[in-house]
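Now for the letters of each chain:
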Amino acid sequence: MVSLARSSLVYDWRRYAAAVFAITFAGLLVLVQLALLLGLFGTVSVAIDQSDADLWIGYPKTQSVDLGRPLPPGSTVNAWMHRSVRRVEPLTFAIGDLRRPDGVAVSVFLYGIEPVPEGLAFARKLTPEQRRLLDEPDAVIIDVADQAKLGANVGALVEINGKRARIAGIVEGIRGVGTVSVLTSRASLRRFSPDLGTTTTYQLVALRSGARPARVAGEIADAGGIKRYGVWTAEDFSVQSQIYWLLESGVGIGTGFASALALLVGVVITSQTLGGAILASLKEFAALRALGVSNASLRQVVLEQSWWLGLIGLGLTGLLTAASAWLGDTAHVAMSFPWWLLLGVSAVILAVALGSGLLALRPLYQADPANLLR
Amino acid sequence: MVAPALSSHGISKAFTTGHITQQVIKDSSLDIFPGELTLVVGPSGSGKSTLLSILAGLLRPDSGHVLSLGVDLWTLKEAEIDRFRLNHCGFIFQGFNLFSPLTALENVILPLQYLGIRGGSAERRARRALDEVGLGPRAHLRPIELSGGEKQRVAIARALVKEPQLIFADEPTSALDKTNGQITVDLLKRIAHEHRAMVLGVTHDPRLLSHADRVIELEDGYVKSDRRSSTTVEEPHHAPD
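If you read the protein sequences in the order shown, they are chains A and B.
Using this note's numbering, the first residue of the first sequence is number 1, and each one after it goes up by one.
Using this note's numbering, the first residue of the second sequence is number 1001, and each one after it goes up by one.
If you are wondering where the hints come from, they were derived from the structure by calculation, not from laboratory data.
Note that the Cβ used here is the ideal one computed from N, Cα and C, for glycine as well.
To spell it out: a stretch of chain B is covered by chain A in this simulated footprint if at least three of its residues, at any positions, have a beta carbon under 8 Å from a beta carbon of chain A; those stretches are: (1) 1055-1061; (2) 1076-1088; (3) 1099-1106; (4) 1113-1120.
No more than 30 Å apart at the CA atoms, straight line, and that leaves these computed lysine-lysine pairs for DSS-like: (5) B:K1189 with B:K1224; (6) B:K1026 with B:K1224; (7) B:K1178 with B:K1224; (8) B:K1077 with A:K283; (9) B:K1026 with A:K283; (10) A:K125 with A:K61; (11) B:K1178 with A:K283; (12) B:K1077 with B:K1026; (13) A:K283 with B:K1189; (14) A:K149 with A:K125; (15) B:K1178 with B:K1189; (16) A:K227 with A:K61.
Residues from chain B that keep clear of chain A, each with C-beta distances beyond 12 Å, as calculated: (17) D1031; (18) G1070; (19) R1196; (20) P1206; (21) R1207; (22) H1211.
Working from the sequences, and respecting the hints, build out all of it.
Right, dumping it as structure tokens:
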């Protein structure tokens, strides 16, 4: 099988290289920008991603995990009755005012967790020893990245909401976007913020092995007409929280605009390259038209070319993205490449290539064989 | 008596540029027969290429009919004319028009694929066509590695490989030197005789005329003379008995 499209790409690769690079860099720009953005907003969902819960029960229609509201009583009845549920554990959020040893006040975000060894909240960050530290009254754990801001080392005494607190430990990677996170036990949190009473913000649910989270989430959902609580799988709630911030913050819009611009430039360069290649072979195409090859068949040649250009561009984007991810990792830059981002950007890259092919078809209609006989 | 492969009846064509309309073909009627090489000659601007385009189904005439293998060509739809050319017509152009990324063999295979002939049988037919034009040993070369005469022979193989009943050649030798021009025109003549195909060529090269079976001279859109290699026929649309 002779493929005019493939043979032309191989033979005339210098001509097509511009198109491949345009597609590659448009794809890379979009992918890396979004990965950086997701990496940044991934810290929004750090409480979900660093915990071992399969399901999260929270206030109905909560858009992002940091916007949780007090849960009404009875929200866990269905969960406790479900045979696949292994553990249900409360988690409470509060805003607090931390006064450093030197007297300066800093607003902080307080997480009240269960300090038991089998606890789910931040189970991927806290060692059993660190969890045990929180068992002591007034003990708090802070992020290493906030240590300078709080001016405190392990053992330092501070005040939270006017109550005495002690820095019992330091962990890495619990910080949210622009907030100072402080971990403490639920008992200590009630002392720091007495008006919370016994309310909780979320109930974390762990399932027995083999259970399907999405299915159990449906089964323990509030069956009433007016929902008193919502149930999400950890993965869904994490993605939902990130998307909320992506769209809400305006940074998403800026990235979207820059991405659209990159794609537009990609389309223009690719379609110009393909159009130039068609013009260069116009007489040959016209000769095929004379031999009875239909316009539709010639269109297929161009579209096959753009498809291959897209695939090659996609491959190069993949390689360069892997390199960028490695660089980001080495430099501790938060980047995130979820599968849906990779899949989505791949689809966009192929769409850019095929769209460019469609735009480049116009010169093909000048391939009128009668022009060869002038 | 042999029926004509192609007949035209009262075809006219005018081109308009700005306010000037030029009548290029004026009420022309011709019969072209299979099994012979017919050459249309005439000075530049005599309308010979336009005539070829109309007869070959590439350019729609303003009036008149073209009966091609018994089909009234210009009553067909655009796609049907494409299909007709695909099934029955071969073309050879002045500029060869071979795809430079493809080898000689691949250039010849390409039109077969659009007829649904692929794989081994397409390659066998293409090799046979290249053998016939004497280029079998050079089938693996790309156009850039071939001389002008060889390129034109690849183009002839490309026109021939479909085994068409109608072959059209527009100035097939004008980009070639004398020797290659003669090789090309002899090849066209042999194809006409051996394949019983109609070969209709347009040329302004007087050196070729002695090789043709029939020469039609065109001037200002009219047929001025119509000669056979042995006899001269004054009536242009007179069929030989």
